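Chains as they are written, first to last, in the working numbering: chain G, 1 to 269; chain S, 1 to 234.
Derived from the structure by calculation, the hints contain no laboratory data.
Bear in mind the structure is a predicted one, so any value in this text is a computation, not a measurement.
Cβ coordinates follow ideal geometry from the N, Cα and C atoms, glycine included.
Do not take every clue at face value.
[Claimed, not checked] So the derived list for chain S, only partly shown, Cβ under 8 Å to chain G, looks like this:
| hint | residue |
| --- | --- |
| 1 | R134 |
| 2 | P135 |
| 3 | S156 |
| 4 | G158 |
| 5 | N214 |
| 6 | G217 |
[Claimed, not checked] Label-pair ranges, simulated between beta-carbon atoms:
| hint | chain 1 | residue 1 | chain 2 | residue 2 | range |
| --- | --- | --- | --- | --- | --- |
| 7 | S | D133 | G | T98 | 43 to 49 Å |
| 8 | S | M24 | G | D112 | 50 to 56 Å |
| 9 | G | G113 | S | P233 | 57 to 63 Å |
| 10 | G | E231 | S | Y205 | 52 to 58 Å |
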Amino acid sequence: MSRIVVVTSGKGGVGKTTTSAAFATGLALKGYKTAVIDFDVGLRNLDLIMGCERRVVYDFINVISGEANIKQALIKDKRSDNLFILPASQTRDKDALTQEGVEKVLKDLAEDGFDFIICDSPAGIERGAALAMHFADDAIIVTNPEVSSVRDSDRILGLLQSRTLKAERGESIREHLLITRYSPTRVASGDMLAMEDILEILAVPLIGVIPESGSVLQASNSGVPVILDKESTAGQAYDDFVRRFLGETVPHRFLEVEKKGLFRRLFGG
Amino acid sequence: MESIIDLKGEMSLLTVLVLHSTDMHAISAALEAKRQQASHFLERSPIIIDCQLLGETGLELDFLQLKLQVSKFGLVPVGLRNLWEEAEAKAIAADWALLRPSKQQTIPNTPPVTEVNLTPEQPEAIQRLLVLDRPVRSGQQVYCPYGDIVVLQHTSAGSELLAGGSVHVYGALRGRVLAGVQGDTQARIFCERLEAELIAIAGRYRLLDEIESNLKGQSVMIYLDQEKLKIVPI
Ligand SMILES: Nc1ncnc2c1ncn2[C@@H]1O[C@H](COP(=O)(O)OP(=O)(O)OP(=O)(O)O)[C@@H](O)[C@H]1O
Ligand SMILES: [Mg+2]
């Protein structure tokens with residue numbers, strides 16, 4: 001049985017695709033056969049962040065409409081034999097994404113023996129987002145420390161509880177809150193919501209806090225998921241997150257304003 | 001002139017605005033005309049927008065504008081009902097609450113009927129108590145027309161509870177809450193932390209801004225004393 005995990009947020013640009021790429025890579029490196037699907041039909045971002053954009057032949061929509069089978073469309077990752085990417089279509093209409101089609105693709109992947117299927121949701125609450133979450137067992141709710149993002153996450157939590165297959169069956173999706181782009185300095189100055197405030201509003205178990213970090217943009221520009229950048233705080237925080245997801249107890253890091261030592265103050269850090 | 005909207009008092013307190021058109025200018029003009037007839041009638045009234053007559057054309061509604069227009073005339077928008085299903089996502093995106101139609105009503109795909117037939121529900125179908133063990137989230141609406149609502153967690157800003165009877169929230173109450181929506185003046189609201197956007201019992205309203213600041217964040221009971229909403233710490 002595959003475990004299906006949706007990475008979702010409501011609000012756009014909060015770090016879903018960054019998270020999906022890091023998450024899938026982390027799971028694969030820990031030995032799990034993992035597929036990551038880009039549900040953002042029309043935009044196609046995941047393949048860029050995963051660095052496989054030049055190897056895209058068939059996409060998610062091709063598989064749904066029967067123009068290719070799942071084996072033809074999956075792109076094997078360069079860095080891990082356990083990791084496969086199913087890119088979104090850049091040209092096709094969003095309406096090509098159907099519930100039956102999504103269900104079939106997920107079933108095919110399960111039969112192929114995937115341990116985890118990560119669904120990178122588009123922003124918003126319309127069709128693409130609804131389908132990305134529909135079959136999920138778990139949801140990673142990606143939230144930035146600002147009011148509008150938190151409100152949208154709350155809205156998404158409501159939909160997870162009411163509009164998904166699990167909800168229809170009277171079961172519930174496991175919810176995990178991932179706070180990204182967290183800047184302790186800006187929290188201290190009052191520009192951003194503190195972790196505690198977000199938890200208070202959303203009341204969902206926290207699975208990780210990813211700090212704001214320049215290495216995220218660098219990583220995505222070079223097509224290497226940031227979790228592979230072991231030097232960066234974001235990479236380390238993503239690794240902690242993956243371990244927590246797999247059941248380990250790992251303390252949260254990067255929550256306080258870092259006091260720069262003399263050396264780092266002189267030479268930067 | 002063909003009428004653009006009907007205003008009908010229903011369930012004694014909630015006013016229902018039945019849309020005949022999706023043309024926002026026409027709706028606005030019709031509301032203005034109603035206001036001139038009876039300005040005090042619209043002031044602060046909670047209102048349900050019924051989209052039954054629109055059928056499929058409900059998709060064309062500009063939901064953000066609708067909310068703005070309705071609020072502009074002093075009405076308090078409660079939610080939409082009988083909206084064409086495919087327009088629901090759009091309505092939710094514009095922050096509208098959706099009232100589920102009662103069992104007897106279905107969304108028409110045949111030419112719309114003019115009168116909504118409100119047959120009384122079967123006695124065994126009446127829910128006296130609705131207990132929720134999960135938070136009520138932004139955009140969610142819980143409606144228990146003839147009974148009490150008990151929430152064992154918090155309710156979020158942007159959520160809504162509507163009960164014919166009383167409402168109990170064992171956590172922070174941050175959304176809107178309307179008790180006694182059928183006119184029961186005995187209905188009460190209890191919560192562990194009062195942060196509600198709007199509270200109402202049997203149609204008498206108060207917004208968060210109008211609540212005494214020393215009561216905000218407190219455990220309180222809210223009830224009607226004659227015509228006045230009373231909030232007391234518990
Ligand atoms: N921890 C972080 N630190 C700094 N920048 C980040 C971080 N996480 C994400 N970003 C940046 O935020 C932007 C949006 O990220 P991403 O594409 O992952 O978001 P998304 O939620 O998938 O967006 P969309 O809703 O458009 O799909 C990117 O430019 C990315 O580099
Ligand atoms: Mg994305």
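- Holds or violated: S156/S as interface residue toward chain G, Cβ cutoff 8 Å? For S156/S, the interface hint holds, since the closest Cβ of chain G sits about 5 Å away, which is under 8 Å.
- Interface restraint verdict for G217/S against chain G (beta-carbon cut-off 8 Å): violated (12 Å)
- Query: Holds or violated: 52 to 58 Å for the Cβ distance of E231/G and Y205/S?
  - Reply: Since the Cβ atoms of E231/G and Y205/S sit about 57 Å apart, the hinted range of 52 to 58 Å holds.
- Item | Interface hint outcome for G158/S [beta carbon to chain G under 8 Å] | holds (7 Å)
- Message: Given the hint of 57 to 63 Å, is the C-beta distance from G113/G to P233/S inside that range or not?
- Response: Check passed, 59 Å falls within 57 to 63 Å.
- chain G contact restraint on N214/S - CB to CB distance below 8 Å: violated (21 Å)
- Query: Does the Cβ-Cβ separation between M24/S and D112/G fall within 50 to 56 Å?
  - Reply: Check passed, 51 Å falls within 50 to 56 Å.
- Hinted contact P135/S with chain G - closest CB pair below 8 Å: holds (6 Å)
- Message: Hint validation: R134/S versus chain G, beta carbon distance must be below 8 Å. Holds or violated?
- Response: With Cβ-Cβ at 6 Å, under 8 Å, it holds.
- Look at the Cβ atoms of D133/S and T98/G and judge whether their distance stays inside 43 to 49 Å. For D133/S and T98/G the Cβ distance comes to about 33 Å; the hint is violated.
Comparing the model with each numbered hint stated earlier shows that hints 5, 6, 7 do not hold.
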